[in-house]
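What follows is each chain in one-letter form.
Protein chains: 2
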Amino acid sequence: MSQESERSPGDLTATGMALRHDREWDYELDRISEAVEERNANSVGLQFPEGLKRRGPAVADDLRRTLPDDVTVMLSGEPCYGACDLDTELMRHSEVFVHFGHSPMNESEQIIYVPLFSNVDVFPIMEESLAEFEDPEEDEDIGLVTTAQHMNKFEEMREFLEERGYTVHTRRGDERLTHEGQVLGCNYASADVEADQMLYVGGGKFHPLGLAMDHPEKRVVIADPVNNVVDIADADALIKQRYGAIHRAMDAETWGIIYSTKIGQGRLERARQIVEDNDDAYLLTMNNVTPQKLTNFGLDAYVNTACPRITTDDGPQFKQPMLTPGEYEIAMGEKPMDSLSFDTFHGTW
Amino acid sequence: MSQESERSPGDLTATGMALRHDREWDYELDRISEAVEERNANSVGLQFPEGLKRRGPAVADDLRRTLPDDVTVMLSGEPCYGACDLDTELMRHSEVFVHFGHSPMNESEQIIYVPLFSNVDVFPIMEESLAEFEDPEEDEDIGLVTTAQHMNKFEEMREFLEERGYTVHTRRGDERLTHEGQVLGCNYASADVEADQMLYVGGGKFHPLGLAMDHPEKRVVIADPVNNVVDIADADALIKQRYGAIHRAMDAETWGIIYSTKIGQGRLERARQIVEDNDDAYLLTMNNVTPQKLTNFGLDAYVNTACPRITTDDGPQFKQPMLTPGEYEIAMGEKPMDSLSFDTFHGTW
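For the protein sequence lines, the chains are A and B, in the order given.
Per my numbering, the very first residue in the first sequence carries number 1; after that it's consecutive.
Per my numbering, the very first residue in the second sequence carries number 1; after that it's consecutive.
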């Protein structure tokens, strides 16, 4: 038994997620420096996901040591929740723009995407997770998904399962996803595979809960190497919370329909359609969707056409009920209650 | 004595600020409709200051009644604190963009500025405020300033004071200001007049406190027709709080230098200069400056080159000390402590 499997749940030692392991990540500073030189750039913008913002200053230090003195390095202070969420305002000020920690949703010459792969050993917890699956002789089919952070080990994960007698089903999903087997918080098309049981390898419950909500017919096993825990994704609480929001919204007389100006979260046509069909609905535009921004409008309920996870996960933080576009149709009586489904986000921009 | 002067302080009746008086404001819907027709536009973006956002849906209703069915009306959900703070992301989605409640900081064909003038009677409280001034025979010079909201009565205010024997001193200030006698939260150049006593006519203490901080040599009398109160602007508490922030920041080892991407709040060169001269300073870019956005960086202190009122008024809401660029120079020992002054914002964009 390896050292890692002896860790208790939540123990971040040797997971690659502990702060003292920061510098083990490869920020690809050479690639950035080369781009600055090639383009004769005077300004570099760096964008990190929320959980890695704290590394920003140290990465900026390393870059400044390499780059000519007249190059300004800027760090995005905007929240960042995915490759859908590029800081387009900083991009406008940056001759070289670097987005860390997410895989490209849409390739662009202007943007350098630097993936940040976790160095955590995923196999001890995968071994432990096998107890949750049918024996290969009963059901040999397993669907396998993971996040961008562990993508570098995807083929090894597949082999690990195959060596234990399973047939591993994977697919790339749609154009929103970069890699075979990759899931996003808003898109689980890579789980549309011929298997009733799914293995999700990755940290936290955010992704597997979305997966369970999007694929209620599948059993979703979580092998979480970061928190060193095996679990089953159970979306029941999330689904009950959604029904609650729909019921509360049924009393609404006035609606705010939210369109986000974030580059990869815009569904303007969907928002426009709702407003066109409902005289008591108003189209509200904003970048980050926060409770404070809605309070001032004083409307009864909201429909969020931006990131679906704001609605499903953060919904309870908002004073008024907030629905996905599909949930709105249920609340308006246009669709039956049992048509509730996960608000998948397709396409890029 | 008029009815208004009998109101108690804080009584909003008949001030034009009470919610039930909303529709007394002239939103210039005809001008907007004409622009939509002229440009054959399909999209209209509306932006209201924070305090008037709640009127947005009703104004959208009125517009939708007039405009062709295929025109989409959008409301900015971003916070808005001045004419410096145009929602440029909504502008990009709007063929006609309307900014309500502030006077133009910079004219543009793309933007329709609709001033919203208060219908409150300013003269009863001006009458009451006279008790705070020297008799005209002792000191006949009064400087007069007000906000965009009361600009339509500026000439009457001047006459009111002149009829009572005063010489009224006014000026337009610099290019950031649209009107003679107008003040902004960040700019009191209109108060650079030959008078030791100033009359500020307008609601709240936000503007007169800035005025008192920028012109500590002048006595600033507040005639507040909205809250029906006369007061003297005292910036002492604000100044003490600033000294406190400077002292706390002196222990900082690492600095975040904030550059705001808001169209009228950008001082990139100033921010760049600080970062160039200090190896422990990092340039952070963001639109709205909020405590949450800074927390993730884990730096010791911040310098805000965006709206100075975020620093002076909201500073205490931030966990780490936040300084104006001038205060930063004091904290770094580059300038003496008594050089503390208001962080005036000049120019447009």
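Hints listed in this document are in silico derivations from the structure and should not be mistaken for laboratory results.
Ideal placement from N, C-alpha and C gives every residue a C-beta, glycine not left out.
Where hints are given, some of them may not hold.
Just a few of them, taken from the derived set where beta-carbon distance is under 8 Å, the chain A residues facing chain B [what the hints assert, rightly or not]:
1) E50
2) E78
3) P79
4) A237
5) L238
6) I239
7) T254
8) R270
9) R272
10) Q273
11) N278
12) Y282
13) L283
14) N287
Simulated pairs of lysine-lysine, DSS-like, Cα-Cα distance not exceeding 25 Å [said to hold, decoys possible]:
15) A/K240 / A/K218
16) B/K293 / A/K319
17) B/K218 / B/K319
18) B/K319 / A/K293
19) A/K240 / A/K335
20) A/K293 / B/K335
21) B/K205 / B/K218
22) B/K240 / B/K319
23) B/K240 / B/K205
**Q.** Satisfaction of hint between A/K319 and B/K293, Cα-Cα up to 25 Å
**A.** Answer holds: B/K293 to A/K319 is near 22 Å, not above 25 Å.
Q) For the hint on A/T254, does the least C-beta distance to chain B fall short of 8 Å? A) holds, 7 Å
**Q.** Closest C-beta approach of A/Y282 to chain B relative to 8 Å, hint status
**A.** At about 5 Å, which falls below the 8 Å cut-off, the nearest Cβ of chain B leaves the hint on A/Y282 intact, so it holds.
Q: Please verify that hint: A/R272, Cβ, nearest Cβ of chain B, below 8 Å or not.
A: Cβ of A/R272 sits 5 Å from chain B, so the hint holds.
Q. For the hint on A/Q273, does the least C-beta distance to chain B fall short of 8 Å?
A. violated, 10 Å
Q) Going straight from one Cα to the other, do B/K218 and B/K319 come out at no more than 25 Å? A) It is violated: about 33 Å lies between the C-alpha atoms, which goes past 25 Å.
Q. Close enough to count: is the Cβ of A/L283 nearer than 8 Å to one in chain B?
A. Where the cut-off is 8 Å and the nearest Cβ of chain B is about 5 Å from A/L283, the hint holds.
Q. If you take the shortest Cβ to Cβ gap from A/L238 to chain B, is it below 8 Å?
A. violated, 24 Å
Q. Should the hint that A/N278 touches chain B count as held when the rule is a Cβ pair under 8 Å?
A. violated, 11 Å
Q: Please work out if B/K319 and A/K293 have their alpha carbons no farther apart than 25 Å.
A: The hint holds at about 22 Å.
Q.
Next pair to validate is A/K293 with B/K335; report whether the Cα-Cα distance is within 25 Å.
A. violated, 39 Å
Q) Straight-line Cα separation of B/K240 and B/K319 no greater than 25 Å? A) holds, 18 Å
In summary, the structure is inconsistent with hints 4, 5, 6, 8, 10, 11, 17, 20 from the numbered list given earlier, while agreeing with the others.
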